[in-house]
Amino acid sequence: MTNETLTILTWLIPAGPLLAFFLIMLFTNRSRTLSWMIAWAGVFAALILGWIVALNTAAVGAHHLEEHPTVVASAFPWIPVGDFLKGTWINIGVAVDPLAAVMLIMVTFTVTMIFIYSVGYHNWSAPLGKILGVPNHLQEEPLLSRFFAFMSLFAGGMLLLVLADDLLLLFIGWEIMGFTSYSLIGFWYAREYHLGPDDIPHIPPYKASIKAFMTTRVADVVMLLGIVFFYFQFGTLNFNQAFTPENLSDVLDIIGPTAFGLMTLMLFAGTVGKSAQFPLHVWLPDAMEGPTPVSAVIHAAAMVSAGVYFLLRIFPLVAVASGPSGTDAVSFTIAGIGAFTALMAATIAIAQNDVKGVLAYSTISQLGFMVAAIGVGSYVAGAFHLITHGFFKALLFLASGSVIHGMEHGAHDVHDHHTDPQDMRNMGGLRKKLPITFWTFLIGGLALSGLPFITAGFWSKDEIFAEAWYLWDNDGFILALVVFVVLAIAAFLTAYYTARQISMTFLGKPRTPLAEHAHESNAFMTIPLILLAFFAVVAGWAGIPENFPVIGSMVNNHYVHHFVGSTIYKLMEELYALHLVKHPIENLPFNWEPLIASLVVALGGLFLGWWIYGRKPLETDQPDPVQRPLGPLYTFFNNKWYIDELYQRVFINPTTYLSEKVVYEAIDKKTIDGILHAIAKGFYGFGYYVKRFEEVVISGGVDWLKDGFLNISKEFRQLQTGRVQEYALISALIAVALIAVVLLINYGWLGQLFN
Amino acid sequence: MNPFKYASQIPELPTISPLLRDIIVVVVISTFLLLIAIVLIWLMRKVIARMQKRVGPNRVGGRYGLLQPIADVMKLLSKEQIVPAGADRLAYELAPVLIVVASLLVWAVMPFGPGLIGVDLNIGLFYIMAISSISVVTFLLAGWGSNNKYALLGAFRAVAQLVSYEVPFILATLIPILLARSMSTVAIVESQTVPFLFVVPLAAVIFFISSLAETGTTPFDLLEAESEIVAGFHIEYSGMKFAMFYLAEFLGALFMSALFATVFLGGWNIPLINLMLSLFGVQSIDLSAMGIAGSILGLIVFLIKTFFIYFIFLWIRATWPRVRVDQILSLNWKILVPISLVLILVVAVLDKMIPEGTNDLVRAGILLASNVLIAFVALEIMRRNGRQRRELIVDSGLVESGKQEVVEAAPLH
Amino acid sequence: MVEQVLFVLLAIITLGSALVVVTNRNLFHAALALMVTFAGVAGVYITLDAGFLAMAQLLVYIGAISILIIFAIMMTRRLMQAVEAPFNSQRWLGLFGAVVTFAILAVVLGRYWSPQPNVNNLVASIDPEILNGSVARLGASFVNPDAYVLPFEVASILLLAALVGAIVVAWPKVEDQS
Amino acid sequence: MIPLSWYLLLGAALFSIGIYGVFSRRNAVAILMAVELMLNAVNINLVAFWRYLTPEKSAGMAWAVFVLTVAAAEAAVGLALIISIYRSRDSVIAEDMDLMKN
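Chains as they are written, first to last, in this note's numbering: chain L, 18 to 772; chain Z, 211 to 623; chain U, 16 to 193; chain S, 357 to 458.
Don't take every hint at face value.
To be verified - Chain U regions said to be covered by chain S (calculated; three or more residues, Cβ under 8 Å):
#	stretch
1	32 to 42
2	52 to 65
3	106 to 113
4	143 to 157
5	180 to 186
Simulated from the structure, these hints should not be mistaken for laboratory data. In this text, a Cβ means the ideal position worked out from N, Cα and C, and glycines have one as well.
In isolation and in its complexed conformation, chain L is listed as follows:
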């Protein structure tokens, strides 16, 4: 395929969903069927085009890509800035390189699956009675058109972000996703909860959406500042133009390592917000209030990946900032935040009971994995884990949605609308009831916990471990060791809570009538599960290192490493030559330690989880087995480290207090209003005398005048007979008279008229 065709196709990838959004919003929002069909058309177009472009990119071949990573690059001037007559424009453009290609494969596929799933999911929505503002059970979602419109807009924004070749367009896609995530999390805006004492505490959707929006805003403001800083320093927003060895070294020399690191960290703040890293991760669990497809698309396929993707995009910046001539603070911050988030989220996840809550925290922790990996400088591992995680986490979310769905069916059948269908304690024994869901969930869970040698998660995690270990082992990078250990613990917990979740949900026998009467979802929902399960397994095999014992020799090509690595291979080589980065993209030697570590954590975690929860399943209303041994720690985890409460006290309460008491009471009411009242009184006094004057003099005079006119008009009114003909006659006579006068003046006297 010629490059021009490829360029056109690349431009067309985001066009499909965006067009679908406008079509649905403007025209077809009355017809539900038409709406979801249009949305499908959009994403299917994006899927086909995206895969065509991606596979064409892959077909170029790693060696050629290492020389020229950017396969498609097309841009046109958009905003004139500064002295634009000289042609300093901000361009809008798309670029496809291996990283974008793999993202395209993952994003388009998962998003399409989610769209298919959504139709099945929304045709039978939330239970009757319990929740306001949502359709009754076995009724169709009334706002389906709106849902698909926003989903399409979301997909379009994500694809825009993936394909963007400069920071501005990327930021636009970023913000589009921010807005749509807000409107989708709060999709059931009318929901209100009347929580029982033992219910899982959650806030209603509209609050959750506001929370997510505000939290990410905090990050985005910093990120925008970072972008401005970036533009100020580099003079361009385009990645390929900015990230050249000359530019990087120049900027580093000019502004010094500290400012450089600061710029990097400001940009990284965006990732912290979008990918829900530690300080700003609080929005993500509450975002589970949205419909499950939304959770899947936000927390697995698109939005949270966007943060990591952005971090990968600016990886050269990170590498240089934490390079030999940079400051270690950068890498310490990034990797530290990542590792801490991974551990914290994992610990929280082991004490959650909401089936989607567990997945939410596991998402946070997996994102922590990626961020930590990138922090210590392992580019490929981060990207690889990003892709595989996208697949199996989407699978897990959709499967959990299917579970909730089955539970709601049960709730409908037994007319019990007070038991929470999302609470794992109310489930159990669903393996018989939802076979397809069970098997797909099992595959996804195993992939998440990294079951060795088969699942995708194992290979990507193993990659991260290998990189971290190599960094420690090779150049004694202490941070790498820390990250390695922390991530190992996190991985262990991951496997543990995955096993716990599967056991509590599917194994044993039903603990509530809901679970008794649950049954399998429709084909709309199960088929995407199966397809995703396939990828959740296979996606990892592309990343098997060739120097891995036995299997490696079978595959004999570390494909992902070469392919993704080739994105910045050349650049890193040159930077390495300039001693700006610690080490280029290189093939790792095989080490036993990380392999053993990942084997141990995965299998050990799974076994422990099964030992506690699967071997003798929970009975009804039996408290969590680990509650007593862990003691206060459990409540600490269960309450999510009290971070929400902390924020409540530290940020929100002071702010409200300030605004309430100080600004409103003291400043506004007392000071300003006081002054205004004083002025008002003055004017009252003045106005009184003005009023008197007006009454006596003006209105008196006006009355007199009015009476005069009245009397005159009494006389003149007789003229108005209301007869058209009279008016016409009079006006005509006047006109004739005028003409006559004019003629007489022109021609002199009548006497000389006729000569």
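Since the structure of chain L is already known, use the hints to place chains Z, U and S on it.
Chains Z, U and S in isolation, oriented as in the chain L frame:
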């Protein structure tokens, strides 16, 4: 001062002063028409009688009743002149005269043959329309003048029908004008190497229907629906005045068929002959160049065509039932006018798009195809509407004919 | 000479019938006289070599407008029969106005265009080709963007508006039609 | 050969007659007829000027045609108005329609 150029004169005739020639032409044409009307009456009675399994006039003048019309005229002449009480004399007396005058005036531009034409106006067809619009007035005069409510009703009906059917009539006439690029009847006749009937059949159909309505023959003969309003606007007329209306009616029918023959059948041209000859490579014949022989030949051809069309008039008259008023008007405004508007647009654009010097057959074929296409689409739409209408009737449960009127008339309001 | 006689006859017919129009007590006869006036004006057009306009005059005025007027007269028939003064109180004033108007117009005419033939050198006789082409030129000028295409379109819109407006205004009220 | 001024005089006379009718008739329909007379007078002038001054152009005829159009529209709407007034007020006398009186 007179802008109208006369038709190509026949060389054999002696040249005489224009004024005298005008008078001669007028006298000849009107006499010819007034005489031919007698033949028409006999023809109508005979043909319709045969179609209705009757014998028809067979006593007066031989077993074919050839002299029957003469007897009729005698009877009418000898009848008493009755003027209804309270009649508006002016209008009452004026109407019959005016209608005959109008129906004679239009023949001035009718090309009977090469050179056989009263006056070849460069706006001939326009002239015809104008004059025929005068005849509408006479109905009003008659209806109003003969102080009679049936007459007035008949006049109203007649005017409503005629005025509204003038629209598709004129629109359909515009299409031959477009193709011939002239309003002169002679130019239109000469430009028909392929008769326009085969070029724009849809226009021909619309023209024919609206000419039926214009002359007020079946199925559009509401203006003299004997069963409803006794005899329409000329109920109060008797004797010769009635005969004048009668005469005007026949002349109108004949004129419409003659006009159809002129505009759509190529007038005095022998159809398609020159194309045939040119196919065989023979020298093409031009009647207008053959002097008096050509004139006579052309006249014969013209009369054959005219009487063929007139026969079709009689045929319809003998066989078709009458339609309702609302049906007439809705047929006009909802079907004929839109179709003819679309047709004018399409034909004009196509005719411009076809490059000059294209073979006439090719041009004709393209236009024919467009016509057929439009006709098909129009029929499809009408079929849809008809089905909807039927469902409406069936749903409303009024299926017996008596109440069906209500349902069908409803959309008109 | 013949033409002048013809013209004078036409003028007499036209003006006479026009006078009938404005003076006759019976409206129906007034309408008939109006038709005669229109016909006379058409004749005047013919003497002016404007055959097309003459035909248009017949078609529009006699064929359409007169019919409309007669319809209106018949629909308001009851009033027609009631004996009533045809003129209002200001007839003499109106007559005066009309006469003065005519006088002024005549004066101005006499000033500019002398009544004698062939005085101010006008286009007396022109070759018939120009006149024969006049209709074609008229049609061309209606669709010529440099000439009258805009007024032409506006006129069409005006006709449409008049159609709709007439229907709406004369439409019987809802309670009228049972 | 007819002088131009004859046509202009004819037009002037017709116009004046129309004016007289408009001012002095009581019946609205009659007034409308008088208006038509005036329009015809105008047309006569247009065509006469066209014929005598610029026969090779088409301005005069074109505007005559426009006047024709306007007359048609005016008659249609005017008569519709008259009929609706007749329906509502049972009168077509112009003098009776003096709702704006005083």
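Verification of the supplied hints:
no.: 1; hint: 32 to 42; result: holds (count 5)
no.: 2; hint: 52 to 65; result: holds (count 9)
no.: 3; hint: 106 to 113; result: holds (count 6)
no.: 4; hint: 143 to 157; result: holds (count 8)
no.: 5; hint: 180 to 186; result: holds (count 5)
Hint violations for this structure: none, all hints satisfied.
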